Amino acid sequence: MAAAPSDPAAAYHEVVARIARAAQAAGRDPADVTLVAVSKQQPWEAIEPVLAAGQTVFGENRVQEAMARWAGKAAGLELHLIGPLQSNKAKEAVAFFDVIESLDREKLARALAEEAQKQGRTPRLYVQVNTGEEPQKAGILPAEADAFLAACRGTYGLTIEGLMCIPPVDEPPGPHFALLRKIAGRNGLAKLSMGMSGDFETAIRFGATSVRVGSAVFGARG
0 MAAAPSDPAA
10 AYHEVVARIA
20 RAAQAAGRDP
30 ADVTLVAVSK
40 QQPWEAIEPV
50 LAAGQTVFGE
60 NRVQEAMARW
70 AGKAAGLELH
80 LIGPLQSNKA
90 KEAVAFFDVI
100 ESLDREKLAR
110 ALAEEAQKQG
120 RTPRLYVQVN
130 TGEEPQKAGI
140 LPAEADAFLA
150 ACRGTYGLTI
160 EGLMCIPPVD
170 EPPGPHFALL
180 RKIAGRNGLA
190 KLSMGMSGDF
200 ETAIRFGATS
210 VRVGSAVFGA
220 RG
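In numbering that gives the first Met the number 0, the protein residues as written are 0 to 221.
These are calculated hints, taken from the structure and not from any lab test.
No experiment lies behind these values; they were computed from the predicted model shown.
Check each hint, because a few of them may be wrong.
Derived DEER-like restraints, expressed as beta-carbon distance ranges [said to hold, decoys possible]:
#1 R120 - V56: 17 to 23 Å
#2 E13 - E105: 40 to 46 Å
#3 A67 - Q118: 16 to 22 Å
#4 E105 - Q63: 32 to 38 Å
#5 D31 - E143: 26 to 32 Å
#6 D6 - K117: 41 to 47 Å
#7 A9 - K90: 36 to 42 Å
#8 K136 - A25: 22 to 28 Å
#9 A24 - E143: 33 to 39 Å
Cut-off 30 Å, straight-line C-alpha distance, at most; resulting in silico cross-link-like pairs (DSBU-like, lysine-lysine) [stated by the list, open to error]:
#10 K181 - K117
#11 K88 - K117
#12 K90 - K106
Backbone N, C-alpha and C define an ideal beta-carbon position, used for all residues, glycine too.
Between the sequences and the hints, there should be enough to build the whole structure, so can you do that?
Here's what the structure looks like:
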C-alpha cells in the first residue's frame with residue numbers, strides 16, 4: 000500500500016488541479032465538480048492540513064466515527080455520509096450530515112422521511128445504485144431504480160438530489176458511469192456522485208458533479 004503523503008496539503012492541491020484539467024478536457028467548468036475529500040479512518044493530523052488548505056467538503060463511511068471526528072469542528076463544512084446507512088442510525092444521520100449519498104431501500108427511505116419530519120431538517124439525498132449488480136455491495140439495482148425513485152418522491156415525500164455509484168473494482172468504470180448518467184437523465188436528476196481516487200478523471204468525463212477522493216489526498220489507510 001502507498002504510504003500517506005508527507006504533505007497532505009500538496010497532495011490535495013494536486014488533486015484539485017487534476018479535477019480542473021479533467022473538467023476542462025471534457026469541456027466543463029471545473030467549478031461544476033465538487034471534491035468530496037474522504038476522511039474516513041484518517042487521523043486528524045492528516046485532515047487538518049487539507050482543511051487549512053481550503054477544503055470544506057468531507058466524506059465519511061460511518062455515523063458514529065464521523066460524529067466523534069467532527070464534533071465541534073464541523074462549522075462551515077459540508078459533511079457527506081457515503082457509506083451504507085442502517086435504518087436504526089437514521090436519527091443520528093439526519094441530525095448530523097448535510098448530505099446522505101447511500102439511500103438504497105424503502106425501509107431507509109421511510110426512516111429518513113420520519114426523522115426529517117420529526118427534526119425539521121432534511122439532508123440532501125442521493126440514491127445509491129449498484130450498477131454492477133454485485134451481491135455484496137449496497138445500492139438499488141439499476142432495473143429497480145426508476146420505481147424506487149418514484150417511491151422516494153411519491154410515497155415518502157423525499158427530495159432526491161442525485162445518484163451515486165461505486166463501480167466493480169475489476170471492470171472498466173466508464174460503462175457504469177454512463178449507466179448512472181442515463182438513469183439520472185430519465186428521472187430528471189442533475190447530480191452524479193461518481194469517481195474515486197483511481198477513476199475520478201473518467202467520472203468527470205462522464206458527467207460527475209462530485210468525486211469522492213480519499214487515498215489520492217491522504218494516502219492509503221493502514
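Verification of the supplied hints:
Checked against the hint of 17 to 23 Å, the C-beta distance between R120 and V56 comes to roughly 19 Å, which is consistent with it. A beta carbon spacing of about 41 Å between E13 and E105 agrees with the range 40 to 46 Å that was offered as a hint. At roughly 20 Å, the beta carbons of A67 and Q118 sit within the given window of 16 to 22 Å. Remark: the range hint 32 to 38 Å for E105 to Q63 is contradicted by a beta-carbon distance near 24 Å.
Separation of D31 from E143 is about 29 Å and conforms to the stated range, judged on CB atoms against 26 to 32 Å. Between D6 and K117 the CB atoms are about 44 Å apart, so this pair conforms to the stated range of 41 to 47 Å. Against the hinted window of 36 to 42 Å, the Cβ-Cβ separation of A9 and K90 comes to about 39 Å, which satisfies the hint. Range check, K136 to A25: about 27 Å between beta-carbon atoms, so the 22 to 28 Å window is met.
Distance hint check for A24 and E143: the Cβ-Cβ separation is about 34 Å, which falls inside the suggested range of 33 to 39 Å. Restraint check for K181 and K117: not satisfied, since their Cα atoms lie roughly 34 Å apart, outside the 30 Å limit. Among the hinted pairs, K88 with K117 is consistent with the structure: their alpha-carbon atoms are about 14 Å apart, no more than 30 Å. Under the criterion of a C-alpha separation no larger than 30 Å, the hint pairing K90 with K106 is consistent with the structure, at around 13 Å.
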